[in-house]
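Whenever a hint applies, use it, and build me the whole structure from the sequences.
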Amino acid sequence: MGTYRRRLVAAPAYLAAKGVPLTPDDLRAHACLHHKFPTSGKFERWPLRGEHAGIESELPKTAVASTLEPLICMAEQGLGIAYMPDFAISRQLREGLLVTVLDDYTDRSGPLRVLWPSNRHLAPKLRAFVDFLAANLVPAVEGEAG
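Taking my numbering, I'd label the letters of the sequence shown as residues 272 to 417.
Honestly, the hints are just simulated from the structure, not real lab data.
Because the structure is a prediction, the values reported are computed rather than measured.
Hints should not be assumed to be uniformly reliable.
[Stated by the list, open to error] Here are the simulated DSSO-like pairs of lysine-lysine, each with C-alpha atoms no more than 27 Å apart in a straight line: (1) Lys332 to Lys289; (2) Lys313 to Lys332; (3) Lys307 to Lys289; (4) Lys307 to Lys332.
[What the hints assert, rightly or not] Simulated restraints, written as ranges between beta carbons of each label pair: (5) His392 to Glu366: 36 to 42 Å; (6) Ser380 to Phe400: 37 to 43 Å; (7) Gly312 to Phe403: 30 to 36 Å; (8) Ala284 to Phe403: 30 to 36 Å; (9) Ala287 to Asp374: 15 to 21 Å; (10) Arg398 to Thr310: 44 to 50 Å; (11) Asp297 to Arg398: 21 to 27 Å; (12) Ser389 to Arg362: 29 to 35 Å; (13) Phe403 to Arg365: 15 to 21 Å; (14) Glu340 to Ser389: 50 to 56 Å; (15) Gly290 to Ala334: 17 to 23 Å; (16) Ala334 to Trp387: 30 to 36 Å; (17) Arg316 to Ser389: 26 to 32 Å; (18) Ala334 to Gly367: 33 to 39 Å.
Think of the CB as a built atom: it goes at the ideal place given N, C-alpha and C, for glycine as much as any other residue.
As structure tokens, this is what we get:
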């Protein structure tokens with residue numbers, strides 16, 4: 272259907288109070304809001320480019336959640352920096368509630384896919400939903416990710 276990109280984001284008020292990180296090393300001095308996979312118990316990696324690869328294990332774990340919504344809310348409230356897929360925060364970015372940081376260092380994107388069992392016919396309701404997503408979600412994501 273399209274692609275998405277993960278971004279490091281924070282509220283403008285947080286950055287005004289704590290400073291804007293200029294390199295990934297600066298993240299060590301910031302409140303970092305992490306996602307933990309509920310099924311494996313592992314933390315989502317924050318893959319960063321170049322010599323900063325692997326730094327995520329050294330970052331503070333100020334808050335942890337197993338779903339994106341609380342992390343987005345905490346970031347909006349100025350509690351720290353979060354690593355989010357752009358499709359989950361497109362409204363917040365558009366409205367200026369969140370801003371990206373360290374764009375030159377983030378290096379993770381992926382395809383947006385819709386999956387259904389191969390042994391089933393694509394029902395008209397599902398086809399309509401897929402068409403809706405393609406028309407509304409993907410252009411917004413690709414327009415902001417580029």
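Hint-by-hint comparison with the structure:
Distance check on the hinted pair: Lys332 and Lys289 sit about 16 Å apart at the alpha-carbon level, within 27 Å; holds. At roughly 13 Å between alpha-carbon atoms, Lys313 and Lys332 fall within 27 Å of each other, so this suggested pair holds. A hinted pair counts as satisfied when its Cα atoms are at most 27 Å apart, and Lys307 with Lys289 qualifies at roughly 24 Å. Only pairs whose Cα atoms come within 27 Å are accepted, and Lys307 paired with Lys332 is accepted, the gap being roughly 11 Å.
For the hinted restraint 36 to 42 Å between His392 and Glu366, the CB-CB distance of approximately 40 Å keeps it satisfied. About 24 Å separates the C-beta atoms of Ser380 and Phe400, a value inconsistent with the hinted range of 37 to 43 Å. Remark: the range hint 30 to 36 Å for Gly312 to Phe403 is upheld by a beta-carbon distance near 34 Å. Checked against the given bound of 30 to 36 Å, the beta carbons of Ala284 and Phe403, roughly 34 Å apart, stay inside it.
The hinted range of 15 to 21 Å is satisfied by Ala287 and Asp374, whose Cβ atoms lie roughly 19 Å apart. Arg398 and Thr310 have their C-beta atoms about 30 Å apart, which leaves the hinted 44 to 50 Å range violated. About 47 Å separates the C-beta atoms of Asp297 and Arg398, a value inconsistent with the hinted range of 21 to 27 Å. Separated by about 34 Å at the C-beta atoms, Ser389 and Arg362 satisfy the suggested range of 29 to 35 Å.
Checked against the hint of 15 to 21 Å, the pair Phe403 and Arg365 passes, with Cβ atoms roughly 19 Å apart. Distance hint check for Glu340 and Ser389: the Cβ-Cβ separation is about 31 Å, which falls outside the suggested range of 50 to 56 Å. Between Gly290 and Ala334 the Cβ separation comes to about 19 Å, which falls inside the hinted range of 17 to 23 Å. For Ala334 and Trp387, the Cβ-Cβ distance of about 35 Å falls inside the hinted range of 30 to 36 Å, so the restraint holds.
The hint said 26 to 32 Å for the Cβ distance between Arg316 and Ser389, and at roughly 30 Å that hint holds. For the pair Ala334 and Gly367, the beta carbons lie near 22 Å from each other, so the given range of 33 to 39 Å is not met.
Violated hints for the displayed structure, listed by number in ascending order: 6, 10, 11, 14 and 18.
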